[in-house]
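Novice: Sequence:
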Amino acid sequence: MLRYILKRLLLMIPTLIGVLTVTFVIIQFVPGGPVDQIIAEMRAGGLEGARSGSVGRRDLDAQQIEEIKKLYGFDKPPLTRYFDMMKGFAQFDLGRSFMHNKDVWQLIKEKLPVSISLGMWTFLLTYLISIPLGVAKAVREGSRFDAATTFVVLIGFALPGFALGVLLIVLFAGGTFLDWFPLRGLTSDNWATLSWPGRIGDYLWHLVLPLTCYAIGSFAVVTLLTKNTFVEEIRKQYVLVARAKGVDERRVLFKHVFRNALIPIVTGFPTAFVAAFFAGSLLIETLFSLDGIGLLSYESIVRRDYPVVLGSLYFFTLIGLVVKLIGDLLYVVVDPRVQFAAAAK
1 MLRYILKRLL
11 LMIPTLIGVL
21 TVTFVIIQFV
31 PGGPVDQIIA
41 EMRAGGLEGA
51 RSGSVGRRDL
61 DAQQIEEIKK
71 LYGFDKPPLT
81 RYFDMMKGFA
91 QFDLGRSFMH
101 NKDVWQLIKE
111 KLPVSISLGM
121 WTFLLTYLIS
131 IPLGVAKAVR
141 EGSRFDAATT
151 FVVLIGFALP
161 GFALGVLLIV
171 LFAGGTFLDW
181 FPLRGLTSDN
191 WATLSWPGRI
201 GDYLWHLVLP
211 LTCYAIGSFA
221 VVTLLTKNTF
231 VEEIRKQYVL
241 VARAKGVDER
251 RVLFKHVFRN
261 ALIPIVTGFP
271 TAFVAAFFAG
281 SLLIETLFSL
291 DGIGLLSYES
301 IVRRDYPVVL
311 GSLYFFTLIG
321 LVVKLIGDLL
331 YVVVDPRVQF
341 AAAAK
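Under my numbering, the residue at position 41 of the sequence shown is numbered 41, and the numbers go up by one with no gaps.
If you're looking for bench data, these hints aren't it; they were derived computationally from the structure.
The beta carbon of each residue, even a glycine, is placed where N, CA and C say it ideally should be.
You may find that some hints are simply not true.
As the list claims (entries may be wrong) - Now the in silico label distances, taken between C-beta atoms and shown as ranges:
#1 L10 x P77: 28 to 36 Å
#2 F157 x L112: 21 to 29 Å
#3 L282 x D84: 24 to 32 Å
#4 L204 x T21: 18 to 26 Å
#5 A163 x A62: 49 to 57 Å
#6 L171 x P197: 23 to 31 Å
#7 V25 x V241: 53 to 61 Å
#8 D248 x I116: 52 to 60 Å
#9 Q63 x K7: 17 to 25 Å
#10 Q63 x W205: 54 to 62 Å
Unchecked claim - In silico SDA-like links for lysine to any residue, alpha-carbon gap of 20 Å or less:
#11 K76 x F24
#12 K255 x L133
#13 K236 x K255
#14 K245 x I234
All chains should be modelled from the sequences, with the hints used to inform the complete structure.
Specialist: Okay, here's the thing in structure tokens:
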């Protein structure tokens, strides 16, 4: 087991290098980099100033352009910038944002509370509702309950989150009909002055609409996966033998079927957990004025904020690789028959 873990940890290094290298090379061919954008903004500002009668220059001289390039590190050859970036990442230094003039680590930490709030509650709601629902559907396979719940969860899966968000705003957030829920942020402006019960209630009150949009599409996947794995286990020979021996149906279901059927679901917990945290939706965050990871990623790509693009990619890739390893190790915890000794050779 230890040998397998060490092997997987070592394989993370070339994977990280490959992802960052490919992204860095692609960035070199993307037009309109940060230097071009700053020059365009300065020229536009100079032209506007000239039109208004103030002192302004329409064009920048070569020395000013070189100073801008030096400010952003683009006075160095691409290969030098690449090795400087990799050296910083090896020391967990993600650089400094061009757009925000902040350390990339600091930016990610500022946006994480929103993503963690939505991700944690999305994950908990999805699994706490979907697993019991999937088990109930498996036990009642082919019934009206099974057909009706499948219809409902598939509608939720097919409905885009942002479209549902617009509908919820119109219906419940001061649109055409009711004004029951707030529209902006995760807390009210007077949150700091509220008591602790008041703060918790205010926080949950703000979560209702965006959380509904985030979670609704996840129910179908987990529910149907749970149902199908349970149905497959129920049809196996050991279940038929247990029933023939007169073992109580509840004991068969929860002691034997439940453990075996949950193997593919439990081993997917780490991936689903992290995906719920970082798979932020730009449109949903924009609809509900949530300043999270999704909005940060979009703005950094549009503004060509390369340190944020590469730094966040490095951070998320590293987390993804670690989570994948944890998911593989959970197979051994859930099913001791799985052994990684052969895989490590």
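Novice: Compare the structure with each hint and give your call.
Specialist: These are the hints, each one checked on the structure:
1. L10 x P77: 28 to 36 Å: Given about 30 Å between the Cβ atoms, the range holds.
2. F157 x L112: 21 to 29 Å: Distance hint for F157, L112 holds at roughly 27 Å.
3. L282 x D84: 24 to 32 Å: 30 Å, holds
4. L204 x T21: 18 to 26 Å: Violated: the Cβ-Cβ distance is about 44 Å, outside 18 to 26 Å.
5. A163 x A62: 49 to 57 Å: The hint (49 to 57 Å, Cβ to Cβ) holds, given that A163 and A62 are roughly 50 Å apart.
6. L171 x P197: 23 to 31 Å: Roughly 28 Å apart at Cβ, these two residues keep to the hinted range, so it holds.
7. V25 x V241: 53 to 61 Å: At 59 Å between Cβs, range holds.
8. D248 x I116: 52 to 60 Å: Since D248 and I116 have Cβ atoms about 42 Å apart, the given range 52 to 60 Å is violated.
9. Q63 x K7: 17 to 25 Å: 53 Å, violated
10. Q63 x W205: 54 to 62 Å: 56 Å, holds
11. K76 x F24: Holds, at roughly 15 Å.
12. K255 x L133: This hinted pair holds, its Cα atoms lying about 18 Å apart.
13. K236 x K255: 15 Å, holds
14. K245 x I234: Cα-Cα ~15 Å, so holds.
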